[in-house]
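Enquirer: Between the sequences and the hints, there should be enough to build the whole structure, so can you do that?
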Amino acid sequence: MKIVVLTSLPRLPLLPRNFLPYYLQRQGIPIAAVIARRVSLREMARAHVSSGGLLRRIPELFKRAATSSAADMAAEATPRTKPDRIPIHYVDDHNSPEAVALLKDLAPDLVVLGGTGIIKPAVLNVPRIGTLGCHYALLPELKGFNVTEWAILEGRPVGVTIFWVDAGVDTGDILMDRRVPILPLDTIATLRRRSAEIGKQLFAESIRLVLAGTAPRHPQPAGAGRQFFRMHPRLLRIVERKLATLAAR
Amino acid sequence: MPSLSAAEVIRLARPIHVGVLASDVVGWTRPVHASLTHLDATMAWLCRAQDATGDGGVSACYSLLRGWDEPYPETTGYIIPTFFDYAAFSGDTRYADRALRMGEWLLSIQLSSGAFQAGYFHGSPDENSPSVFNSGQILLGLTRLYRESHEERYLTSARRAGDWITKEQAEDGAWYGGLSFHGPTTPVRTYYARVAWALMELAAISGEPAYSEAGCRHARWGLAQQQENGWFRNNEFWPGHPPFTHTIAYVMEGLLGVGMHARDQALVDAVLKTATRLMHLFELRGNLAGDFDATWKSKATYRCMTGEAQVSGVWLQLYALTRDVRFLNASMKLNDRLKASQDVRSHVGAIRGGVKGSQPLWGKYHRLAYVNWGAKFLADALMREIPAVAQFGADVPR
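Chains A and B, in that order, are what the protein sequence lines are. Start counting the first sequence at 1; every next residue gets the next number (our numbering). Start counting the second sequence at 1; every next residue gets the next number (our numbering).
Since the hints were made in silico from the structure, they are not lab data. Just so you know, even glycine gets a beta-carbon here, dropped at the ideal spot from N, CA and C. Heads up, a few of these hints could be off.
[Claimed, not checked] When the alpha-carbon atoms are kept at most 27 Å apart in a straight line, the in silico DSSO-like pairs for lysine-lysine are as follows:
(1) Lys297(B) / Lys143(A)
(2) Lys297(B) / Lys120(A)
(3) Lys120(A) / Lys364(B)
(4) Lys299(B) / Lys364(B)
(5) Lys297(B) / Lys364(B)
(6) Lys120(A) / Lys242(A)
(7) Lys104(A) / Lys242(A)
(8) Lys200(A) / Lys2(A)
(9) Lys143(A) / Lys273(B)
(10) Lys2(A) / Lys120(A)
(11) Lys242(A) / Lys143(A)
(12) Lys104(A) / Lys120(A)
[As the list claims (entries may be wrong)] A partial selection of chain A residues facing chain B, derived with a Cβ cut-off under 8 Å:
(13) Asn95
(14) Glu154
(15) Arg226
(16) Phe228
(17) Leu235
Expert: In structure tokens:
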């Protein structure tokens, strides 16, 4: 089976730690190619500033060093065998005609979305079996942005869902999901990181099911759940405080 | 833009005016302070607008061309509840005293028919321009004055206005007569839903069901104007022009007001439909255009600040009703955008705490002016936002 990963990568010579295609490869899943959207340094800087900038992240970095969770440590303990070389194709936009043509040339059976924007039907129609996405909340309740934070604010369980991507926003059939536990000293950042780790594990489990031909498709009830948007910074601070009390229990 | 007189050009050329225009040309935004800071500044600006007239009414606007304008009966009417709310919010009874002064002035200018005049007040009541909408907005003030003071004269005045309004109402619930001719030229207007809401308020304090029947009749007519996509027909000021967010929000406020009084879920659902649509537009585009056509598209290159403040206020009302925190989130962002357009540190009182008609100031809605109703609606929104956020935070031990 031919699997292609769509992701975003900065214009840097190094690949990020725990790069999803290599993680999947280490799990014994063959990845045929990666199509990566180029992320400019300017875009990275803007994202960095909007997330609070380095100064505001210094306490977080200290906390992170002091509170590496079990999931983090498990991820670190993953044997780092030298991965097979995976061809990486760079595009400016995953939805561009150039990217669609490239994907058609690759003729994948399955596409895995590992860090992209909204993907349009022209791309989704290419893979023979379908496209898998990872959503950092339990569907169908919480769709859209900042869903980990919205789950905490709304008093709902935090979780991760692997789903078959369709043309709607997080409306595709559900393949599998898992709750993410809140651990002592958790912050939004640690929780997000743990969600990302669990997301990768679920991707691997899901792809194995697809390879075995037993991957389920649980349709989301029409109109179920709500679409959330970027959370206001003051609500984010409230969420951090609420998370601190939850994590202290 | 019409040609300017020499006096207007001279006034426009004042350094402070050139400064605010220049900042809009460059696209500078102001620092966003705590909501309470903006609320206090907005209320202080409204006090200065009231003081500028000397008669108890609130000056319609501070114009970069004309300075403080004449008092505006319509908006003075609906500013009254804002002053009572702020008096309770801040614990400063002087704001309630100011609301009473506004009431005194309104009683003194009521027309012999019971109606109130359209447009600004030019020194004496204009018996030739009775207006349903303006009377309805003043009715919101009179009913609140009665609730606060229990003085019979406010109820009497409100009844007279209410009787005239219902007399002008057509069988289908709409108003085709008694239309304000100042500005709007459309033959029927959905945003008169706010008049229906005022009649419900009057019914509540008077116990007279005829007023609520009239209010509900208009609300049903208004409901029929709503398209499947949430947009309201017959809601523009001028035929062929897309409605400002100001009138779109007027309809939502009116229908919500009637819906709350009548406990009519269909009206609340209609407001939810439009408000949710606007929330999605705002969240996905990152801004709210000044006007929208029937497909929710817009060619507007300006923001209607009054409309934004109203939409934010409606979202906050819906948050209180439904506890859907997305409405609170969107209103906080929209309020931040409004705050970023407000100068709360200017050394000029007419600018400090004022709310522009349009952003930029030369936009289509009340260009080159800071309008009292924009300030009123921003104050209303902030008075809803502050306790809503505090309540959320209070659930979380620090």
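Enquirer: Hint by hint, note whether the structure agrees.
Expert: Hints, one by one, checked against the model:
no. : hint                  : verdict
1   : Lys297(B) / Lys143(A) : holds (25 Å)
2   : Lys297(B) / Lys120(A) : holds (22 Å)
3   : Lys120(A) / Lys364(B) : violated (36 Å)
4   : Lys299(B) / Lys364(B) : holds (12 Å)
5   : Lys297(B) / Lys364(B) : holds (17 Å)
6   : Lys120(A) / Lys242(A) : violated (36 Å)
7   : Lys104(A) / Lys242(A) : violated (47 Å)
8   : Lys200(A) / Lys2(A)   : holds (19 Å)
9   : Lys143(A) / Lys273(B) : holds (19 Å)
10  : Lys2(A) / Lys120(A)   : holds (21 Å)
11  : Lys242(A) / Lys143(A) : holds (21 Å)
12  : Lys104(A) / Lys120(A) : holds (14 Å)
13  : Asn95                 : violated (16 Å)
14  : Glu154                : holds (7 Å)
15  : Arg226                : holds (7 Å)
16  : Phe228                : holds (6 Å)
17  : Leu235                : holds (6 Å)
Checked against the numbered hints listed earlier, the structure breaks hints 3, 6, 7 and 13; every other hint is satisfied.
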